Amino acid sequence: MSETLFGAPAGLFARLDRTEVRVPDVRAALARLTPADLDPELRLDVFEGTGAGPMLVLEEAGRRTRVLLAELATQLTRSRVASTPEGITAGVVAWLARRPVPDEVAAATGIALLDWSDPRQTVLGWRVAVTRSALVVPWRPSRTASLPLVHQVRSAALGRAAAVDATLRMAGPVGLCTATGAPGLDTTVLVRPEALLQEMADRGLRLRDAHVVVTPGRPVACAEGPVARRLAAEATEACATLPWRAVADLGWV
Amino acid sequence: MTVPPAAEPDQVVLVPHWLTAVDREEVERAVTAALGVGPVHPVAAIHLGDVLTELHVAAAREVVWPAPVARVRLATGWGADVVPVRLSALELASVLSLPGLAPVARAALTGGRST
Chain A
6 MSETLFGAPA GLFARLDRTE VRVPDVRAAL ARLTPADLDP ELRLDVFEGT GAGPMLVLEE
66 AGRRTRVLLA ELATQLTRSR VASTPEGITA GVVAWLARRP VPDEVAAATG IALLDWSDPR
126 QTVLGWRVAV TRSALVVPWR PSRTASLPLV HQVRSAALGR AAAVDATLRM AGPVGLCTAT
186 GAPGLDTTVL VRPEALLQEM ADRGLRLRDA HVVVTPGRPV ACAEGPVARR LAAEATEACA
246 TLPWRAVADL GWV
Chain B
130 MTVPPAAEPD QVVLVPHWLT AVDREEVERA VTAALGVGPV HPVAAIHLGD VLTELHVAAA
190 REVVWPAPVA RVRLATGWGA DVVPVRLSAL ELASVLSLPG LAPVARAALT GGRST
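The listed protein sequences correspond, in order, to chains A and B. Add 5 to a position in the first sequence, counting from 1, and you land on the number used in the numbering used here. Add 129 to a position in the second sequence, counting from 1, and you land on the number used in the numbering used here.
Please note that the accuracy of each hint is not assured.
[What the hints assert, rightly or not] Cβ-Cβ distance ranges computed for the label pairs, FRET-style:
1) A:Ala251 - B:Glu154: 33 to 41 Å
2) B:Gly165 - A:Ala253: 35 to 43 Å
3) B:Val151 - A:Arg104: 27 to 35 Å
4) B:Ala209 - A:Arg208: 25 to 33 Å
5) A:Ala139 - B:Val151: 42 to 50 Å
For the record, the hints were derived by calculation from the structure and aren't laboratory data. It should be emphasised that the depicted structure is a prediction, and the values quoted were computed from it without experimental measurement. All C-beta atoms, glycine included, are put in the ideal place defined by N, C-alpha and C.
Next comes chain B alone, as it looks inside the complex (with noise of 0.2 Å):
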């Protein structure tokens, strides 16, 4: 796998991606499987356990704001369990490298909601 250097930190922009519930717990074991079966490029891994505390930040941000992600849902007419996942572009490379993700999380980060 090839990887991309490294940006410095406060350059990076996250880009939200609009997820379901099945989208991210499919990212989620994808990025999970491959990081348990290796071998990943030390780099790669760190950017696919960025995705992993993002998922989970992703969740967080739920709890305590609330109101403005419920106003997208509400003019989008999207369900209740789309929520913005916030991925840098290394991120989203790393996850869009591995092999194992299921196309429907694929088409979830490159389209439909994203652009």
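Pulled out of the complex, with its shape left as it was, chain A reads as follows (with noise of 0.2 Å):
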């Protein structure tokens, strides 16, 4: 969930090379979309006269996105998203794919995970996600969503990620869990940690002082403490090396 908004970013020529992304533009991509690039649920709309200029209208379940055109078109550039029309239809579409998830999605289909709850990813926090295609998009709770509703959908989300498939590779002293066919969501196996430990101690390695090493949207590492903290050591990506029972006391971002 912390990858570039846009997708990779361009190579260095393409950095070099400049160009502005316009309204016109954003609203010539908006007119392109095919139902194929969306969401049944969603429902576009853009209006004139705000004052500030066109207004793009996103409206889902209940839950209402408002966005100026002209936002949008400097978050497109500053993107760098390619000013071709087949670039700008592809950023859009991306913007799109991240858009808030509307209260009742999340109650319906989010799963719980790690993920970092702070810009500079030092602190891991448990997160209700769901997954749009093959993204996975955090739900950050709308403004007329009550506390007993939070509540309600994250202990769906965990009983959900309780359910998650999920693959346990051994490499010698390092366990490495996967959930199986959903990639990003592998961190949704620690909502069972103690799960993961009996399935390491059914192939033969029972640890004594369990440590987890977690990035969030990669495969969870699982070993004793000195190991765990040789594998996280020089790691250029964020991650964090807990003790397995650390986990259940993180908290929700």
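Mind docking these for me? Both chains are given alone in their own frames, and the hints should help you get the complex.
This is the structure in structure tokens:
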């Protein structure tokens, strides 16, 4: 969930070539969207005369999101989307895929997983997320979501996470756990860390002081403390090593 | 076999050695054989055990964080089975001191991609 917003960054030459995405380009890209690009539940409207320029309004399952086309164009320019019709359309589709998750959708399909709770990626927390095609999109409660609803969504998401199929692979003293057929959802296995430890014990690796190495969106590694620290020692990606019992104490993001 | 004194654990620097699957298999074979046949100095045995751990940990890193190594392979043109195996000076010394280590793996650890 922390990758770049509009896909992989372009190469050096593309970055040197500064082109701007303008409001008419975005409007044209929105007009080019086919039903295949959009969820059937999603409604798109462009409203004129808001005072600040044309505004895009998304409506899905009771959640409304507004954005000025000028702002969207700036975001696309900053992300260095190629300012060709195809490039801008792809950028708009990518932006739409990351639109806020409606509370209803989160309640119906949300899954609990571990993610960073701060922009500096130092503190882990549980988060409710939904999958949209190949993408894992975090849920942030809407302004109208009540506290009981938030609790309900979270507990349902924990239940779904516990039902996710996991595959354990052993690499000597390290157990590697992935969610079967669901890229990006690997940290859901830590909803039941004791099941992971039990399976490792069944495969012949009984840990006395099990630590997990958590990288949001990537497979979870589980090993004895020193081995886990060695694994994560020079990782260039943000990851956290913690005793497996500490996982249960992590808060919600 | 002479064994250098153990260093403080937090001062140990792990240096990557870029080994192919064949090199890694050979290191694993030589270390396992040495530990199985013995006699090995107890401290050297610990270092050799850590080398075996590192070989597995290197494989695990590939699963969890494949992107940085993939970029190195792309830039250097190395094969898909080349993986950085991070060893401390003591671990490297204990592997190189094994008489049974094949010259190919010895060369990979002391020169080639590692320099």
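Taking the hints in turn, this is what the structure says about them:
1. Taking 33 to 41 Å as the suggested C-beta distance range, the pair Ala251 of chain A and Glu154 of chain B conforms, at roughly 36 Å.
2. Checked against the hint of 35 to 43 Å, the C-beta distance between Gly165 of chain B and Ala253 of chain A comes to roughly 41 Å, which is consistent with it.
3. Range check, Val151 of chain B to Arg104 of chain A: Cβ separation about 49 Å, and the 27 to 35 Å hint is violated.
4. Judged by the Cβ atoms, the range 25 to 33 Å given for Ala209 of chain B and Arg208 of chain A holds: they are separated by roughly 27 Å.
5. The supplied range of 42 to 50 Å is broken by Ala139 of chain A and Val151 of chain B, whose beta-carbon atoms lie about 35 Å from each other.
Consistency note: the structure conflicts with the earlier hints numbered 3, 5.
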